[in-house]
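Asker: Let the sequences and hints guide you as you build the complete structure.
Here the protein sequences line up with chains A and B, keeping their order. Position one of the first sequence corresponds to residue 1 (this note's numbering), numbered consecutively onward. Position one of the second sequence corresponds to residue 1 (this note's numbering), numbered consecutively onward.
Errors might be hidden in some of the hints.
[Claimed, not checked] Taking CB as the label site, the calculated pair distances span:
#1 B/Arg197 / A/Asn450: 27 to 37 Å
#2 A/Glu329 / B/Ser146: 28 to 38 Å
#3 B/Lys56 / A/Met244: 23 to 33 Å
Keep in mind that the hints were calculated from the coordinates and are not lab data. For glycine and all other residues, C-beta sits at the position ideal for the given N, C-alpha and C.
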Amino acid sequence: MRGNFLRHWAPGVLRTQAFRIVLIYVFVFAISATVLVGFTYWNTERSLDAQTDQIIEAEITGLNEQYQRLGLRGLADVVVSRSIHGGQGLYMLADSAGRPLAGNLDEWPQSVTRANEFVEFEYARRVQGEQVMLRARGMAFVLVGGFELLVARDVDERNMTKRLFTTTLPWSVGLMLLFGLIGGALMSRRVLARLESINRTSAEIVAGNFSRRVPLTDAHDEFDTLAENLNRMFERIERLMKGMREVADSVAHDLRTPLNRLRNRLEEAQRRLDPQSPHAADIEAAIAETDGLIATFNALLLIAEADSGAARGAMAQIDLSAVILDVAELYAPLAEEKNIALSVMPTGVLTIEGNRSLISQALANLIDNAIKYTPAEGRIAIFAVETPSGIDLTVADSGPGIDTADRTRVVERFVRLEASRNSPGTGLGLSLVAAVARLHRARLTLDDNNPGLKATISFPRTPQRSSKKGANSE
Amino acid sequence: MRILVVEDDLEAQRYLVNGLKEAGHVVDDAADGDTGLTLALSRPYDCAIIDRMLPKMDGLNIVAEMREHGNNMPILFLSALSEVDDRVKGLKAGGDDYLTKPYAFVELLARIDALMRRRSPAAVKTKLSVGDLELDLLTRIATRASQTIDLQPREFRLLEYLMRHAGQVVTRTMLLESVWEYHFDPQTNVIDVHISRLRAKIDKGFSAALLHTVRGAGYMIRAR
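Answerer: Right, here's the structure in full:
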């Protein structure tokens, strides 16, 4: 359960926009923080060095003056006295051979070879009985008479800061990234949870459960504003759908009643009439017209019903290949009468979630059309194949087909092509097929069968839901 | 036969009652749900025709109430509601058949005849026969004048339905509903083609035809 949750959850969070934004932000922040701290360090070091250098230069100038005033002896005294009280100051007075005369350094540092330029060197010092190497920065100066004077200051503390800085910085950046990522993940999960609830609600509404609403939280944040707006929209959709259904229902009722009376009266007239009367044929024709009207009316209502999504309640797991065999069997004799070879490609069980009655009727309409328009000795093939995206149900005939330009038009209500004006039919057959397809989130496509028409309903793959029932089921 | 009609549209009611009387039935009528239920529970009818949407009490409730009182008279729903769901609801509530308005009177007549016939003692039969045509429901073999007739499974079911209603008009819609279990209008005369194939198998070569076409209504199988 937990592993499953993580596996499900982790890629979800990684894919969220919030997490990506946090990630980018954390990186930009880490880089700029590093640059900023680095620059501050560099700047501080530079000014500290400059300060050190100034002090050293001033001291050299001062000592040089002492030397000129008091001579070597006097200079040596000053150097000795400064060496004792000097704190950070390091001094060495040496003769031209480099032998120490006075100062607080044990020996002339090896790295100091040239005069009048700042150098850094290491020097030994006893700290609590132990010999340690420390860093210093200083300048050598050659006095008149060949004596050399080295004035330096200890900078070990500064170097320690530097070492501390270089070891701490990567850790700080690493921790910053880590906390940033954790924070980002938590934040994204929150965002994701809110979005998920909106998504779930929308999906349920699309599935036909119009009464669903996005739950609000106490946060009163922008998600709640979004949810409120969506809820208002959903309310509107629900009201519209309800209104549409009410209109359809009352139209259905209010038209059925007079149609019923009309047919009743015609039938009554027919019963009373002498079958030999010249009016008998008229009344029979009137009844036939009425029946055509009723058929059109029923087909329109059925399309409205399919489009309203109300029929989703009657959806079940059905075997498409069984539906095909049944409908094909119903129409087989009709095809045979016209000498049309009607073939069904056998397939295994192809399960889809659907309304058996409506799919059967849609398929019946397609086969009926195919038989109607395919000339004698023609062929009709019915088959269902599994595709990467779902299941395709195809009825292909060898009839005249439909011009590319007319293909989208024939699916519209009441559109009948010139060629078929005089054959019986309501002109709603393909519209119903398209509406049934829409109800099943499937698509109706009309293609060239070279020659003939190839009508395909592409059903999407059924999500494997074991216990989920349709939203509108009683 | 005694038939109860519960219908609030008086014009439709008058027509229905007249038609049924002309067909030789004794008819009582009610224009609202309450009266309908009272009549249904107090008198013995062979069949009731009930509208779905009625004042005072909905047709579904009448039937549910009747069934609760142990009344099992055959009931046909007559309704302006045509959705797939409505039909299922009607049958679930205890209706035996469902017919959508507008309907053809012959269709209604054929259906209530079938309903009333179903009610009469239906001993479990293993053999059906009409004239010299016999259908063995156990071995699934059809014979006429001792000659075996080769039938496809669906043809067998079609013949079985016709023979169970021998002497009665059976409409195309009834056949489509009971034999194929489809509740839609197939537009073309598919049923006629199936019937003519069946006819070729059972009547061809025999002097007396058993399967008859009833003009403007449907089909009937009968001897003589």
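Asker: With reference to the structure, classify each hint as holding or not holding.
Answerer: Results of checking the hints against the structure:
B/Arg197 and A/Asn450 have their C-beta atoms about 33 Å apart, which keeps the hinted 27 to 37 Å range intact. For A/Glu329 paired with B/Ser146, a C-beta distance near 30 Å keeps the hint of 28 to 38 Å intact. Range check, B/Lys56 to A/Met244: Cβ separation about 29 Å, and the 23 to 33 Å hint holds.
In the structure shown, no violation is registered for any of the earlier numbered hints.
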